[in-house]
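Chains A and B, in that order, are what the protein sequence lines are. Under the working numbering, residues 1 to 256 are what the first sequence spells out, in order. Under the working numbering, residues 1 to 256 are what the second sequence spells out, in order.
Calculated from the structure, these hints are not laboratory results. Watch out, some of these pointers could steer you wrong.
[What the hints assert, rightly or not] Sample of chain A residues lacking proximity to chain B, with all beta carbon distances greater than 10 Å (derived):
#1 80
#2 125
#3 157
#4 243
[Said to hold, decoys possible] Okay, the calculated bits of chain B under chain A, using three or more residues with CB under 8 Å as the criterion:
#5 33-40
#6 86-94
#7 219-231
Even glycine gets a Cβ: it sits at the ideal position worked out from N, Cα and C.
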Amino acid sequence: MPPRLKPLLPLLALLFLAGCSDSSYTWGWHVVSPFDSRGMNNLQFLMNGVYSTISVALVSITLSVMLGLIFALPALSSNRWLAIISRIYVELFRSVPMLVMILWVYYGVPLLTGLQLSVFFAGVIALALCDSAFEAEIFRAGLQSIDAGQREAADALGLNYVDKLRFIILPQAVRRVLPPLGNQFVYMLKASSLLSVIGYSELTRRANELVVVEYRPLEIYSLLMLEYLVLILLASWGVRALERRFARSDRGTARI
Amino acid sequence: MSGAALPARQDETPAVRLVSVEKTFGDYTALKDINLEVRRGEKVIICGPSGSGKSTLIRCINRLEKHDAGQIIVDGVEMNDDTRNLATIRSEVGMVFQHFNLFPHMSVLDNLALAPMRVRGLSRAEAEKTALALLERVRIPEQARKYPAQLSGGQQQRVAIARALCMKPHVLLFDEPTSALDPEMISEVLDVMEELARDGMTMICVTHEMGFARKVADTMVFMDQSRIVEMAPTEAFFDGAQSPRTQLFLDQILSH
């Protein structure tokens, strides 16, 4: 066997084991087979959840990155109180499990405020809040990694705080934190599956609904795994392409 | 002051005046009772062993370090917690660092044009015109489109000098501008500085280049253990330093 195929060995082994296992399970792939009319319908139903998964993940990560940045900046402030506020935010939201946050925002916040949140909106808020604590730490690391001389040079030239961040510190920091940011995006795509519990019709929710109708959890959840795998491979490919673009123009993207 | 022989100018306001300045870092006293007056057009060179406080002294002049007591007055404006004063002072005082501190993600031209555009509000065309003229003056006009990492140390330091000059400062501070350079690049930087001195720029420079000091300095300052030990017109300083500590230091660094 050529060495390139070696990584596939465990997969083959698994299939082999599945094939020769003496459990009496008979596979029923027809429920999600494109060659079966009902299977094809099911498949379409399952896959249509991908738009919801992607949109909720994209909106959440955008919000979360902004929140993360907002709370990372005071962490570096020489003002102790600002730094403490940032610390409290991070510790607080880092310790709430995502699923708990989702339930709390969806079922709890309406009681508190009288506002009825849509599942999408509630989901986005919960995911973004939880994730933003991690984004804040990522940004803090990135901002701290910039040589103190860069700030001093900007200060000595008389640049104000906002310009110093916008033209000097952030462009350099963002490049350095792109890999962990990409990581968080992948994580967000997966975490969106938790929104199935409040009935948001994304990939996992649809799989759950189909299982109830078809009684074929093994086949349907296997396909669900495959859907996430493809989605996340595409996402990592995208992130890498972005990194390469930044690396190529490492010098030269900055415009005043 | 030290009674240098330059004729008094009409405007008698000193460019920089330090009165009983003190600075501590925790328990460590970095500056003790510093009094210094620098006339317009005067060249002051500060020397002394490492840890004597010379870098701290010039970093206090544009508030990269905050002094704890005493007064620092630049162009008649006292430096205090009022941030408007700070912005005014910083835009009038240029600084050249030991490690250049160029912005690595920007072209040489953008390094120079950024502050004039953002702080002085010049248009890009105006800023670039000044920038190119100054690159001509530091003798590297052909490097305008390159990035800092593509230049030699000597070229980078000349870019840094041009960047400081772009703000048309009244005073230039140099913090060991040649200490990080390979020996063969030192003279190209010193040549540029000499030319600036001839053109009448007010300069305060920390350096161990005594040949350069002899040539351009009006006043020599020797610091040791956080104090100014000796301050004298250049000739008097080199021909017969009064303090034995100064004499010892000079003997040590002039012996080879």
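Hints, verified against the model:
Look at residue 80/A: its CB is around 16 Å from the nearest CB on chain B, clear of 10 Å, so calling it non-interface holds up. Residue placement check: residue 125/A keeps its beta carbon more than 10 Å from all beta carbons of chain B (closest about 34 Å). With a minimum CB-CB distance of about 4 Å to chain B, residue 157/A fails to clear the 10 Å threshold, and the non-interface call is violated. In this structure residue 243/A is separated from chain B by more than 10 Å, as the shortest Cβ-Cβ distance comes to about 15 Å.
Residues of the segment 33-40 of chain B with a Cβ under 8 Å from some Cβ of chain A number 0, which does not satisfy the need for three, so the listed coverage is violated. Figure legend: the segment 86-94 of chain B, annotated as covered by chain A; annotation consistent (5 residues with Cβ-Cβ distances under 8 Å, at least 3 required). Closer than 8 Å: that is the beta-carbon criterion, and the segment 219-231 of chain B has 0 residues meeting it against chain A, so the requirement of 3 is violated.
In terms of the numbered hints stated before, the structure departs from hints 3, 5, 7, listed from lowest to highest.
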